[in-house]
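**Q** First to last, the sequence lines map onto chains A and B. First residue of the first sequence: 1, per this note's numbering; consecutive thereafter. First residue of the second sequence: 308, per this note's numbering; consecutive thereafter.
For the record, the hints were derived by calculation from the structure and aren't laboratory data. Fair warning: this is a prediction, and the values are worked out from it, not measured in the lab. Heads up, some of the hints might be wrong.
As the list claims (entries may be wrong) - Listed next, the in silico DSS-like pairs over lysine-lysine satisfying Cα-Cα at most 27 Å (straight line): (1) B:Lys442 with A:Lys199; (2) B:Lys429 with B:Lys418; (3) B:Lys418 with B:Lys442; (4) B:Lys444 with A:Lys199; (5) B:Lys481 with B:Lys491; (6) B:Lys640 with B:Lys616; (7) A:Lys199 with B:Lys481; (8) B:Lys525 with B:Lys559; (9) B:Lys599 with B:Lys559.
As the list claims (entries may be wrong) - Away from chain A, derived, C-beta distances all over 12 Å, residues of chain B: (10) Phe398; (11) Met404; (12) Met416; (13) Met440; (14) Asp441; (15) Thr513; (16) Pro532; (17) Glu560; (18) Trp580; (19) Thr586; (20) Glu598; (21) Lys640.
Stated by the list, open to error - Quick partial rundown of chain A residues pointing at chain B, CB under 7 Å, derived from the structure: (22) Ile129; (23) Ser203; (24) Gln204; (25) Glu206; (26) Ala207; (27) Asp210; (28) Gly212; (29) Arg214; (30) Leu226; (31) Pro229; (32) Ala233; (33) Ala290.
Backbone N, C-alpha and C define an ideal beta-carbon position, used for all residues, glycine too.
Spelled out from the first residue to the last, the chains are:
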Amino acid sequence: MASNETIANVRETFWGNLSIVRKVRENPAMQGLTLMSPSLVYLIIFMILPMILVIILSFLTRGPYGDIVYRVNVENYIRLVDPLYLRILGYSLSTATFTTILTILVGYPLAYYIARVPARQRSTLLFLILVPFWTNFIIRIYAWIMILRTEGFLNSFLINIGIIQVPLNILYTPTAVLIGMVYEFLPFMVLPLYTSLEKVEISQLEAAADLGARPWRAFLRITLPLSVPGMIAGSILVFIPAMGMFVVPDLMGGAKTILIGNMIRNQFLVSRDWPFGAAASMLLLILTLAFTLVYTRRAGFGEELLV
Amino acid sequence: MAEYVVEMKNVVKKFPTPEGGEVTAVDHVSLQIQHGEFFSLLGPSGCGKTTSLRMIAGFEWPTQGEVLINGVKMGRTPPYLRPVNTVFQNFALFQHMTVYQNVAFGLEMEKLPRAEIDRRVKAALEMVQLAGMDKRKPKQLSGGQQQRVALARALVKRPAVLLLDEPLGALDLKLRKEMQLELKALQMQVGITFIYVTHDQEEALTMSDRIAVMDRGKVLQIGTPVEIYERPNCRFVADFIGETNFLHGRVKELNGDKVVVTINGLERELIGWRQGDLTVGQSVVVSVRPEKIHLADHQMLNQNCLPGKVTAVAYIGSDTRVNVDVGHGCQIKVWEQNKLSTLDPRAYYSQQQDIWLTLLPENCLVLAE
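Next up, chain B with everything else stripped away, as it sits in the complex (with noise of 0.2 Å):
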């Protein structure tokens, strides 16, 4: 068995633009992909995602570079000789046939015998809570129930690596929402490999062992969702997973993994953890995200403190959300967790109030502009 079930070595993919010129939709992308994993690849439309998963599937070619599955270089490997099967974005399930049909269709490919292909077309449409439905045609049924026809119609195949191009898309955000543990939950029950690839970060969040950010073609960061989200390696990761503030300012002075940094227009300075290589004088942002800020009616630190004004107060059940000036138009948001029960005013915020910012350094990120 090859080390990794999918991998991706210096990948690159460029298209012809009707203009005649040419345009790079996935650049120099090198992934590797462990068994049983489920692996996201996370980015904004247009940043590569889904062509990676079509070189993965055998629908593109990549222009240079290697795609490997079970360690078998693929080249120019028709996708009906692959070890994968896909889960389509809109389901692209065969209207004329009904859901058994469907489901069945990748088994009599193989020309396997009538009674197994039986056998295991009833068990993949039990495993998606669809059996009983195995007449229907794919219109009569919902968007939840086609997806699940998808699903069975490639996991009955087995194949070494299952691949989703954002198959919740086209669902409702609630039934999005319960798809998303069942998908989980579905991926340990088989054990198969899952590549999938979304836009929405909580998705990926939510569903992925580990997690590749890509945008205009790049691979900017892999690793767990507590690792994108907690330690984020540049500005435009920061910025798409989560929420987060951003202060700009220069490099003052570099101590290991602290950094001192002048905030521009504020005359103060912020300690905070350096992510990657920084020099001193270097413009650089940093990165706090709003639920890990404190707010205080006093300085509590002789550091990373910012005095400001509430310009906005959004009450939201779970958690209150404040908006502070902190001068030179500087915004920054601010999440508390409503933690106690009560009705007294003077519990929440009001507008205009002066307020103090608590910023500990761990959760101050320096981050190269």
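Just chain A, with the same shape it has in the complex (with noise of 0.2 Å):
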């Protein structure tokens, strides 16, 4: 005993006394340091490396076979700049934002209903929602084409109950790029506002009532303002992969909807001008960053809404 104690109070004294051990020690900053290396690390190899990659290769120039010619220039932003281009960022825009609006349409029911049934249900619905992650979200988005394509499942169920009479042409339109982008990012926005709307307590709501407040009235003055930084969070979650996505785009939009996601994916893989699909990535990542900063700033994300 005694002389496991004295190795442990000599291994304390080598390494209390070599100064860098000290200094870590000593200061809260350093410990902090200490604590996120191992993601810092990660983030600086796989992140922050291909970033700058990416940033000097968008002001490189393609060669004729596909290879990268060391010519600096920043030909490939003024390509950008072009009606063609812009159009589809304005398209992937209004998708993004289309879906991040639908998500909270849909999803703030279905959020709201999980908060506020008795707690072991709660954990089950939870688990359901978490569901559609287990399989592989390519197969899913077959099994949605399988449901929208002109013989497809709703179409052959709508005929037969004789709502209607010509299959309705859903795949391959921009409508079905937005049902599958919203399908996809669902659990995203519940996620964030069951969590908000959990907080909401019960008491919260009799108050209201108790002082006047109809159950919509309530609902507007203190369920729907507690939940805007679940709204926030989520409309955050679901917007930037929203403007990065080109799964969706490319399986259920067919060749007539291209989003910036598919486009950039193409001058990597098909047209093989990585500089020009660099610049591009550096557009949609500027374009997402502005847009997420003003819109928590709108939303008063930095107020502290929930004290």
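These two chains come separately, so use the hints to put the complex back together.
**A** Here's what the structure looks like:
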């Protein structure tokens, strides 16, 4: 026992005297750095470095065979300012925005319901929301294609019960893209919304009713404001990936619908114009960042809505 | 104007249990509460007091019976249409609103003009001594201040009745004592009927005009604080309100309101006052409050005196609390006021001292077991 303690003491003195160890121990900022270092290293290698590469790439030139010529210029960015690409960009923005709005409209009642059922059912329902993640995303999109195509389940069902005579043309239209996107991103809206709705205590609503608020007004004045942080978090989680999404428009939108995500993918994999693809990526990044910043500011994210 | 501001007629409330059964939270409760009264519902947790209050507020509907407010049958009237307001146990302030917005909320729901809302909110905040705090958020206030906001928010609506659900439960002891007096003063000032739910008997005694003592869904006794304390009508009330000693025995003789009780094991008789219907031979308890017992070193009367031995003495400043063993494992608590200021040890009691207890018949309440 005693010798163990002595060894421990010696070890302690040895490490304690090393200046770098002492610095870390005494400085809270250094402690934070130590704790963050695993994720920091990971992010630097797999996120910051590739980003720098993309930035550099975006200022280079495509060679005749899809290779990269080290000639610095801003040609790629100038090429982006073209009505064709601007239209794609605008369409991407509106699709992402609509997706976000639709996930709010569809997800809010669901999140509200889950937050109000007894605790035991709640975990079951949350579990069910996560079930789709068990299956590969592409497979689920193909399932949607089966449902939506001209002779698919939806059309045969509607024709069979006699609501329509001619099959609806949904697949390979912007509507199909929106359906796929909302489906894909719904959980990312429901979960943060649920988290903030769950915190709205019943007693707050009872207090509102007690003070003369009908249910609808109590919702507008109490529940809705208290769920704004969840709505903002959900919007960010939906809007950002929706901006870059290319699988859904590819598979469900057909060749007609091109979002900026598809365009970037095509530049890298089809046209082999990496520098131009890099420039488009930068534009997407800046645009998404700007939108997110403006949105969170507007919605008062910094004001600590939930003190 | 109706005779009573709130009336509960044979109200029953049953809740389903998760196992599929039913539990009766409120069991045939009838109450009449008068205008301007400070009325308390007092009882241990789970006695149905909060459920009763919630039925008056409209958060719950009776399974049976009727709640009347100002003589109008409430039936299934929702809370927002009832002329009552509630101060909740944990205040339930709107965290995302300022103090001002919290207090103004109820008036905005009435769609009053801005100027009137402003005037009334300011007056209400002044009344609870929170003027100047109107721009703060609830989280920036102390517990006592949040309590005042909750009060102002409810009182600003000028309700016919203010319902208070253990409003002081979240505060520390010192603040609670202060707020008790303040609440009572406020109630006198505004003249609104208060219905106050508490499990703290001292709180109920301090503030109430009348108290209803509840247990297991039933109202056991309704009366003024003095009536409840001095003339409890059953064993539960005697035990729950204040402290008391119980001596078990059997009725030997009934003589009007006077009862002769043979105390089990002691082979002694006590004369006491009958509470409720009793028959000869019935098992009863004699309830005697510790402050109403006299101690002496000799037998003072021919009757109602018990010899014993001091087993514990606690000097607590204002009182000396003495435990006396009267035999057969029966311990009697006696509190004696320290009326003399002296250091003389002979003025106090000591362990193992032989002593006589005098229990005057009017202090011995005989209750059914």
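**Q** Take the hints in turn and mark each one as holding or not.
**A** Okay, the hints, checked on the actual structure:
1. Proposed proximity of Lys442 (chain B) and Lys199 (chain A) is supported: the alpha carbons are some 24 Å apart, at most 27 Å.
2. Of the supplied pair hints, the one linking Lys429 (chain B) and Lys418 (chain B) holds, its CA atoms being roughly 17 Å apart against a limit of 27 Å.
3. Restraint check: the Cα-Cα separation between Lys418 (chain B) and Lys442 (chain B) comes to about 22 Å, which is no more than 27 Å; the hinted pair holds.
4. Pair hint Lys444 (chain B) plus Lys199 (chain A) holds up; C-alpha atoms about 18 Å apart against a cutoff of 27 Å.
5. In summary, the hint linking Lys481 (chain B) to Lys491 (chain B) is supported, as the alpha carbons are separated by about 16 Å, within the 27 Å threshold.
6. Taken as a hint, the Lys640 (chain B) and Lys616 (chain B) pair is honoured in the structure, with Cα atoms around 12 Å apart against an allowance of 27 Å.
7. For the suggested pair Lys199 (chain A) and Lys481 (chain B), the alpha carbons sit about 31 Å apart, so the restraint of at most 27 Å is broken.
8. Between the alpha carbons of Lys525 (chain B) and Lys559 (chain B) the distance comes to roughly 31 Å, so the proposed pair goes past 27 Å and is violated.
9. The suggested pairing of Lys599 (chain B) with Lys559 (chain B) holds, with an alpha-carbon distance near 24 Å, which does not exceed 27 Å.
10. Against the 12 Å criterion, Phe398 (chain B) falls within the reach of chain A, whose nearest CB is about 9 Å from its own CB.
11. Against chain A, the non-interface label of Met404 (chain B) is violated: not every CB pair exceeds 12 Å, the least being about 8 Å.
12. The beta carbon of Met416 (chain B) is not kept farther than 12 Å from every beta carbon of chain A, the shortest such distance being approximately 4 Å.
13. No Cβ of chain A approaches the Cβ of Met440 (chain B) within 12 Å, the least distance being about 15 Å, so the stated non-interface status holds.
14. No Cβ of chain A approaches the Cβ of Asp441 (chain B) within 12 Å, the least distance being about 16 Å, so the stated non-interface status holds.
15. Every Cβ of chain A is farther than 12 Å from the Cβ of Thr513 (chain B); the closest lies at roughly 26 Å, confirming the non-interface assignment.
16. For Pro532 (chain B), the shortest C-beta to C-beta distance to chain A comes to about 28 Å, beyond the 12 Å cut-off, and the non-interface label holds.
17. For Glu560 (chain B), the non-interface assignment is confirmed: its Cβ lies about 56 Å from the closest Cβ of chain A, beyond the 12 Å cut-off.
18. Every CB of chain A lies more than 12 Å from the CB of Trp580 (chain B), the least distance being 45 Å, so the non-interface label holds.
19. With a minimum CB-CB distance of about 49 Å to chain A, Thr586 (chain B) clears the 12 Å threshold, and the non-interface call stands.
20. Every CB of chain A is more than 12 Å from the CB of Glu598 (chain B) (nearest about 40 Å), matching its label as outside the interface.
21. Against chain A, the non-interface label of Lys640 (chain B) holds: every CB pair exceeds 12 Å, the least being about 40 Å.
22. The criterion of a C-beta within 7 Å of any C-beta in chain B is not met by Ile129 (chain A), whose closest approach is roughly 24 Å, and the hint is violated.
23. For Ser203 (chain A), the interface hint holds, the least distance from its beta-carbon to any beta-carbon of chain B being 4 Å, beneath 7 Å.
24. Hint on Gln204 (chain A) holds. Least Cβ distance to chain B is approximately 6 Å, under the 7 Å limit.
25. Nearest Cβ of chain B to the Cβ of Glu206 (chain A): about 6 Å, under the 7 Å cut. The hint holds.
26. Satisfaction of the interface hint for Ala207 (chain A) is found here, the shortest Cβ-Cβ separation to chain B being roughly 4 Å, below the 7 Å cut-off.
27. Because the closest C-beta pair between Asp210 (chain A) and chain B is about 5 Å apart, less than 7 Å, the hint holds.
28. Nearest Cβ of chain B to the Cβ of Gly212 (chain A): about 4 Å, under the 7 Å cut. The hint holds.
29. Look at Arg214 (chain A): its Cβ gets to within about 6 Å of chain B, closer than 7 Å, so that hint holds up.
30. Nearest Cβ of chain B to the Cβ of Leu226 (chain A): about 6 Å, under the 7 Å cut. The hint holds.
31. Given the 7 Å rule on beta carbons, the hint for Pro229 (chain A) is violated: about 10 Å separates it from the nearest Cβ of chain B.
32. The beta carbon of Ala233 (chain A) is not positioned within 7 Å of any beta carbon in chain B (closest approach about 16 Å), and the interface hint is therefore violated.
33. A hinted interface residue such as Ala290 (chain A) counts as satisfied when its beta carbon comes closer than 7 Å to some beta carbon of chain B; here the least separation is about 28 Å, so the hint is violated.
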